[in-house]
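Colleague: Chain by chain, the residues:
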Amino acid sequence: MEKRFELIASSEVLAPFRREFRQILNRAGWEKKTAEKILLAVDEALTNIIRHAYQGRPGKMTVSISASDDKIEIVLEDQGKKFDPTQVPSPELPRHRPGGLGIHFIRTIMDQMIYDDQNPAWNRLRLIKHKTKI
Amino acid sequence: MKIQLTSQGDIQVLELSGELDYHSSPDLREKLTELTMKQTPKILVNLGGVDYMDSSGIATFVEAFQKAKRYQGRLILAALTATVRGVFEIAKLDSIFEITPTVAEAVKCLGAKT
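Chains as they are written, first to last, in my numbering: chain A, 12 to 145; chain B, 172 to 285.
Be a bit skeptical, because a hint or two may be false.
As the list claims (entries may be wrong) - Examples of chain A residues lying across from chain B (beta carbon under 10 Å, computed):
1. I19
2. S22
3. V24
4. R29
5. K44
6. S75
7. R108
The set of hints was computed from the structure by calculation and includes no laboratory data. All C-beta atoms in this analysis are idealised placements derived from N, C-alpha and C, irrespective of residue type, glycine included.
Please construct the entire structure, taking both the sequences and the accompanying hints into account.
Modeller: Now the structure itself:
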């Protein structure tokens with residue numbers, strides 16, 4: 012199952028995107044608890060694009076989803092400021108100050124978080140989750 | 172996201188429903204800031220109707236919790252759904268916040284005075 016979303020980098024698009032993505036996860040056979048976590052990880056990645064890559068400016072972001080029997084792969088792309096989340100160190104938990112948890116959520120939930128730094132114009136982040144590894 | 176403010180004795184109760192994310196958390200932040208600015212001593216947040224929360228929601232609660240602590244106020248989170256509870260657990264914040272399974276238990280913990 013493959014699906015591609017082209018989204019405007021704005022917080023308003025997050026809830027409608029989640030509704031559609033939730034249905035994809037259900038159809039792909041993910042149990043609810045894990046599906047909600049994958050949803051959270053991708054939502055955090057999109058929020059990072061809106062906040063850090065575009066910094067509130069208008070822009071485009073795409074989400075390409077590829078779901079097979081044993082895994083799901085999500086590729087997020089944007090043309091905002093270069094930002095490699097894999098280089099952000101893990102926070103000390105629990106954090107007593109607000110913020111800084113989004114990348115921790117992605118790292119904890121997904122099996123792989125891969126940043127492609129080959130394209131100078133695009134940020135490209137791949138998130139992979141295997142079904143057998145919960 | 173819907174936010175309703177009511178009072179139960181001397182407890183200010185914020186009842187939330189819907190999804191708490193980067194888009195909706197500024198509304199919650201505004202309500203909680205109003206309460207902490209007034210140094211409201213007892214704040215109860217009923218999360219029973221919240222079926223989704225991201226790190227922006229967590230950040231909003233951490234900020235309000237720290238502000239309330241500064242004036243010896245209390246903020247209790249009640250009736251978390253399994254999904255929302257899971258988010259607090261990933262953040263390892265479930266042991267930092269005062270969390271109760273039900274609103275009635277939160278009211279009891281805060282000791283409502285009429």
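Colleague: Which of the listed hints are not met by the structure?
Modeller: Hints 1 and 6 contradicted; others consistent.
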